Amino acid sequence: MPSIAILGDQVVSVDDIYKFNIDTTSHFKCYNCDERLHFRKSRNAENNYTEHFYHQNTVKDTHIECEKATVERKTDSWHNMMTGFMKKDSCEILRKNDVSKHLVDTYCTTHKKGVEFQNSPIKVEDVLSRDKTSDLDWIFNVENQYIRKVEIGDRVICEIPHTNWENAVAAVGKNCNIYLYTGCNEWITLFDTDSYRVEIDRRIRHVWIGFSCSFQEVCENTCIQCNATSDCIEYFKNITKKLDSVRMIYARCKKSMYLLDDIHRDYVNKHDFKKGDIMAICSVAGSGKTTTLLNLAKIHKDKRILYTAFNTSLIEEINNKLREQKITNVKAINIDKLLYHIYISKTGNEHVNIVQLSPQTIADAVPWLKGKPFAIKKNTVKLYSDFCNQPTYAKSKDYCDNVLKDTKTLLLQLWTKTLDGEFITFESLRKLSLNQQWFKKYVEDKYDMVMVDETQDFDIMMLRMLLDHTTIPKIFVGDPRQAIYEWRGSVNGFNYMPPNSLILEFYSTFRVGDPACETIRQRFSDCWMISKSKNETVLNEDLKTLDNKPYTYLFRTWRKLLQTASSMDNIWINSFSEKIRAIRKQHALIMRGISFDDDEYEDDLPKFLKTLSISDLESMISKIEENMTTMIKCSYKFYTIHGYKGLEDDNVRLSDDVTEEEENLYYVALTRGRKLIVED
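Note that numbering that gives the first Met the number 0 gives residue 126 to position 127 of the sequence shown, counting from 1, and the numbers run on in steps of one.
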């Protein structure tokens, strides 16, 4: 016997007959076959009455399928609450077409629009079937899920309960509204049905991303406005609980990168920088870091801005762009030059001699070292350098007592000379500046904002000066994956940002196009990079694709660069003359038995030079000079990866000494090409 009947277009149960005082002789229909049903009360063997609907059959088993095809009515408490808030004549309305039928939770016959209240799993085919028969909006109950408002971007994220709902939401028609009931006074409207992976509070979550909306907005955009009872309006109006919020989320899938990249860039341009603000932008290779800073300088044209970096060539490039774009409110200067000017301003000594400290020059400052073994001189240089490059101990005596456990060291004598102005290096300028808080007067008072480029290769002393001794807004930009100068004492500044810092991410590269960008991202763990380049960029190992094309040739080591350069014509080598002078000088010392620690260099050059006699070295240099031409006329430009950082070319070739073992170097090399990247 059917458990329900259809009266008009609405479902009626046996209980409804009495609950709503329905005439038992009404024209009921079967949900399954659309034929007439009757209602009756019969006495069973135990003298109890049984009420039910039945077909008036004349042939046995004629309606056996109707007995099987019973409809399961939703009975969970949330669903009952929502349908209970709707007017009775608008609930559980039958909708059908030639191939399917279903019951809409609430439906407005005037506007021919309905709403489904979903609190349990639903099949994709059921979603598709419902959308084909009716113009439907959907409300999913997510009140027990992880939900957060995201301040940057003004979005709301909701963790997806299970795959069933992920697929169901994705199947909802494009013209249908989807709302998520949060249990708070703010609901979520989904602007798309995609699911995303994002990182929030150091945990990756699988979420929907939508906008916050009110119950009033839900009503206005659905048939609930027509169907809701006054109790319904009053109930949702009185909910005061608010959604929890977070400041920031990070993209951890391709779709979320495309979405959040624009949001983050827009936020940076619109942010109202205030005293004490620290913003750090982790930005992939070719993502327009410098362009971002220059645009900010234009936006904040009323502010005096200090632009600084550790790299001199980068500062020169920025100064050229400042002149080209006629940006006059920015002072671009590298760290050491800035401190040099501050020292002159502070002491009035315009003729200060900056010592390039080395084992060869240390005896000029400490005469006792003249004639002493090279190892002693080298150790003294290291002691002085280590003291100057650590922010913990301001006094040399404290450092000697607590770190060296030795008070007889020459460090005390050298630092006394530094304090007296007799012995100054760029390292000691940084130490003096930190100890004496120069930035409080010479940066804090002179500038309104600081921009720091290449933060991943920064100097820890300069970082401490900026963070500890200035309160003006600071913007740090860089790419942590391009941190390749640890061997010279640089630090990844992003690892030292204070807890109150706002750390954003830029995901799009405008240099490397697909399919190369896609390949590069997959080669590295946690490489969140997408391409917005107009170029098609190819990454392969086919040297024939370079035929008749000029290209830049990148090397991990000078050893490999020099060996290759001796056998290739029409080349140009970056910084060749300067490097050869240094190599000859270093080789001469090696021939005298003076060794060098390999970890002081970016590659294995000292070890290579030890294998060469003077004639071998000069023969190699001579062959290279025969193969060289000018930068303008050459077909192939030779660079080490360190020397080419920040640069790009249409065609780039990677030497076979560039390997995945050194991830950051490999990443830098792979992200230099705009059109073609070929690995040996």
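It should be emphasised that the hints constitute simulated quantities derived from the structure, not laboratory data.
There's no promise every hint is true.
The following label-pair restraints were derived from C-beta to C-beta distances [what the hints assert, rightly or not]:
#1 Ser25 to Pro160: 35 to 43 Å
#2 His350 to Pro549: 43 to 51 Å
#3 Pro498 to Tyr392: 22 to 30 Å
#4 Met630 to Arg303: 34 to 42 Å
#5 Lys543 to Asp568: 16 to 24 Å
In the DSBU-like style, the derived pairs of lysine-lysine whose C-alpha atoms are separated by at most 35 Å in a straight line are [stated by the list, open to error]:
#6 Lys274 to Lys302
#7 Lys330 to Lys381
#8 Lys336 to Lys273
#9 Lys336 to Lys148
#10 Lys28 to Lys95
#11 Lys86 to Lys236
#12 Lys131 to Lys100
#13 Lys40 to Lys100
#14 Lys584 to Lys531
#15 Lys369 to Lys440
#16 Lys300 to Lys531
#17 Lys636 to Lys336
#18 Lys241 to Lys274
#19 Lys396 to Lys345
#20 Lys325 to Lys302
#21 Lys416 to Lys336
#22 Lys674 to Lys325
#23 Lys273 to Lys439
#24 Lys381 to Lys345
#25 Lys40 to Lys274
#26 Lys533 to Lys254
#27 Lys236 to Lys274
#28 Lys584 to Lys543
#29 Lys302 to Lys439
#30 Lys122 to Lys87
Predicted model, so just to flag it, every value in this text is computed and none were measured.
Note that CB positions come from ideal geometry on N, CA and C, so glycine has one too.
task: Go ahead and decide if the range 16 to 24 Å is satisfied by the Cβ distance of Lys543 to Asp568.
output: With Cβ atoms ~18 Å apart, the hint holds.
query: Regarding the pair Lys584 and Lys531, is the alpha-carbon distance no greater than 35 Å?
result: 46 Å, violated
- prompt: Is it true that the CA of Lys28 sits at most 35 Å from the CA of Lys95?
  reply: 14 Å, holds
- prompt: Using the C-beta atoms of His350 and Pro549, is the stated range 43 to 51 Å upheld?
  reply: 47 Å, holds
- prompt: Are the Cα atoms of Lys381 and Lys345 separated by 35 Å or less?
  reply: 28 Å, holds
- request: Can you let me know if the beta-carbon spacing of Pro498 and Tyr392 is within 22 to 30 Å?
  value: Holds - the Cβ-Cβ distance for Pro498 and Tyr392, about 25 Å, lies within 22 to 30 Å.
field: Straight-line alpha-carbon gap Lys533 to Lys254, limit 35 Å
entry: 19 Å, holds
- prompt: Taking only the CA atoms, is the gap from Lys325 to Lys302 under or equal to 35 Å?
  reply: 15 Å, holds
task: Go ahead and decide if the range 34 to 42 Å is satisfied by the Cβ distance of Met630 to Arg303.
output: The hint (34 to 42 Å, Cβ to Cβ) holds, given that Met630 and Arg303 are roughly 37 Å apart.
- prompt: Can the restraint linking Lys396 and Lys345 be considered satisfied, given a maximum Cα separation of 35 Å?
  reply: Holds, at roughly 25 Å.
- request: Just tell me: holds or violated, for the beta carbon distance of Ser25 and Pro160 against 35 to 43 Å?
  value: 41 Å, holds
message: Check the hint pairing Lys241 with Lys274 against an upper bound of 35 Å on the C-alpha distance.
response: 30 Å, holds
This entry does not satisfy hints 9, 14, 15, 25, 27 and 28, going by the numbered hints stated previously.
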